[in-house]
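Residue numbers (the working numbering), protein chains in the order written: chain B, 1 to 245; chain P, 1001 to 1290; chain Z, 2001 to 2322.
These are computed hints drawn from the structure, not numbers from a lab.
Owing to the predicted nature of the structure, the values given are computational and were not obtained by experimental measurement.
Any given hint might turn out to be false.
[Claimed, not checked] Here are the simulated EDC-like pairs of lysine to aspartate or glutamate, each with C-alpha atoms no more than 16 angstroms apart in a straight line:
| id | chain 1 | residue 1 | chain 2 | residue 2 |
| --- | --- | --- | --- | --- |
| 1 | B | K145 | P | D1179 |
| 2 | B | K187 | B | E131 |
| 3 | P | K1180 | B | E95 |
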Amino acid sequence: MEKHSQEISQEALLKISNIDAFNGTLQALWGVSLVAELGEIVALIGSNASGKSTLINTISGFIHPARGTIEFDGRDISALDPFRIVTLGISQVPEGRRIFPEMTILDNLILGSYNRQARSNREQNLKRVYEHFPILEERRNQLAKTLSGGEQQMLAIGRGLMSAPKLMLFDEISLGLAPKATDELYKAVREIRGKGITILLVEQNVRRSLKEADRAYIIKAGRIVLGKNVDELREEEIKQAYFGV
Amino acid sequence: MSVEVLAGLSRPIIMGVLLGGLYALIALGLSMVFGVMKLINVAHGDLMLFGAYFAYALMTAWGIDPILSLTMGIPLWFILGFAIQKYIMSRAFGTSMEAPLIIAFGISLILQSLAQIIWSPYSRALEAPYALGGISLGITSVPRTYLLSFAAALVVMLVLRELLRRSYLGKAIVAASQDKRGAELVGINTGRVYAFAFAIAMATAAIAGVFFGLTFPFTPASGVGFLIIAFGVTIIGGLGSMMGTFIGGMVLGLTQTLSGHFLGTATQMLFVYLIVFVVLAVRPQGLFGR
Amino acid sequence: MEVPTNRLNLVVPVVLIALLTVFPLIGIPRVWLLYLFFFFIYLAMANMWNLLAGYSGLTFLGPAAFIGLAGYTLVIVTWNGLPFYLGIIGGGIIASAFAALIAIPTFRMRGIYFAIGTLVVPEALRIVFYLWKPVGGEMQGGGAGYIIKGISQLSLSDFYWLALAVGIVSILLVRTMLRSKLGLGLATIHDSDRAAACCGVDVFRAKLYVFVISAFVIGAAGAIFYIYQGYIAPVGAFDIRWLMTLLLATVIGGIRTEEGPIVGTIIVVFLHFLLARYGALSLLIQGIILIVIMLLIPEGIVGLVRRKTRNYQSLLQLATRR
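Make the full structure from the sequences, and use the hints.
Here is the structure:
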């Protein structure tokens, strides 16, 4: 038994155990458990208001779970401030991008490496980001607000990469984008995973996310109703869990 | 207009522009705090005034030159600002919308009363030998203090601009003002950044206090006037623009000197207040604001 | 808004008022009368300020404008040989007229802009009254100060009764206004201007009514104050200390509560009397109290008591449930 749990804690980069979380006074998550192993792409699927964003924000530290724990890299991060969690290696690419509109692309990226550890490797990280997204290098002195939706999303992802994270949380990166732009983004996501970064993906487009992910969790009304390897999932299971028929 | 009238206007215009520099310097701290934290620090005027009194105390007690006293004033005010934001204002934000305003009023009250207790209600002024007299600028002569203040304003604004543009802290401050959540997501400790922003604002207030004190006399009640001017400059110039702040300063400076020229010095502040009021009613986002 | 209609609720205040009215006649010490004088004056103003800032979302930082204007109206009236009570009413009217006038530009200002905008008004008025000498020309002094004429026959008891009257009027006004349709409209405005407008509330008119009525009462109270003081000068009339006092009273008592201004004013006047001889030190202490209260008990004393009794009540309910 001990050996088994040791194995788990060595492999699982992110381990969420039975958390309850509140948005203000309303409970949004009930007994949620989730695991992300090193190098995986894990999809989190659910309809609107199912608690996806709350979960992401709880991992990032904007909400502290009322019960349960969140472990990252063997360390309990449930009570830490958001900026601390970034330092430890979790980077969130938020819904709505939240880039700095009146600053240049370069400045946006530079700020991505704000935390002390990432600062020393800034130039290398910058080069990597430009490899994933050449257009950011081209436009690096332009103001972020002049970018198109897809480009802004690239910027947001690039900025998230600048902190040299071990785990990246993507919250609805394809929202409002045309299929072609989405394809480009996901190509980059695969490249990022190829570099060894673990990814937790929240995505409205169920098919898309299942195409990219190794494992998927389905969340409904704040509870995890299903968690399986993607190739073991059947269509009816997904419909059941998602719509609750 | 006749040549005489135009020539006669040259002095108030030049003085107005120079005064505008000082006014911009006064407004810098308020503008920065407002831009970053969306907070109007109504104690700003009194904090600046206290900076003048502090320099006055050093001048009268040990004969320290006011500008030199800034070597003590700036770090002190920096620390004071950091502490006020970190321990008092940050807790007020969580309470309610009016809480920071009311607390700033409390600070304002405390400073005004302290100034009155220690230095009495009579007006004081800072003096330095190099600040006396005027300098001839060709067509007219202007008081040296006006030139000094203008120069100081330029220097401070340039330093601040470079700080905000080049340093990590500066960029963090700008970022936090544009998107707080975004800033937190890249690992910026916004609480600490706000404290630094407030600290920098206070440091500029200390500088503004000294230069104002060298140029004009002041009393414990002068704080409100400074606040109104600082606020006026901030909204006329619009947020987030150094150039805007400078222009805002000049608008008010020129209003003061020109109305003083045409209608006498008794009413000049009245027109300044009137302009501030009108801009508030008509275009609060200012001339250059986003 | 359920007002229990049992007799006790009417009897108690009536008895109280009757008692307060006869105070000067039954040999109450002068100091107490003076204390009560200031209490009722500040109470009237604090009630109105609470109505504006607490209930209507108008953080009005220029009450000194109404006070000073009413005071100078009193001067004009009494210097023209008219009785002082016309001066009080005139002061109220001028203050409300002024309020109506500045309502147009200031209501366009949102939130903090409204606050600073209204802060500018008394400062501007102070300059105006330094220069403008509405009557006579005596007592030039340090700038346009005037004595109040036609009041030499009045005694402290008279001042007291005037103050009592305006204080009671203010309480009644607050009670009726909050329970009226206007009060309902104000509650929605306080939460959200736009939402209120969508629901058919004429936002501008509602705010205007409160503003004008508050101006009248604040002005009248100010005029009564100047009858007591006997003279007025620009530096004191438009002083920011008026605002400080009202702010302190409302905040200590509990902003947005009916009883708050009463509790707060009791404490503020007590502080004034206690620290009167320490001049500026008294203001210093008030500033510290303001900060401490905002940090520790932002809902004020009344708010705190309500919260505690609510908890106590629900605990009681839990305990007595079967």
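For each hint, the structure was consulted:
| no. | hint | verdict |
| --- | --- | --- |
| 1 | B/K145 / P/D1179 | holds, 13 angstroms |
| 2 | B/K187 / B/E131 | holds, 12 angstroms |
| 3 | P/K1180 / B/E95 | holds, 14 angstroms |
The structure shown violates none of the earlier numbered hints.
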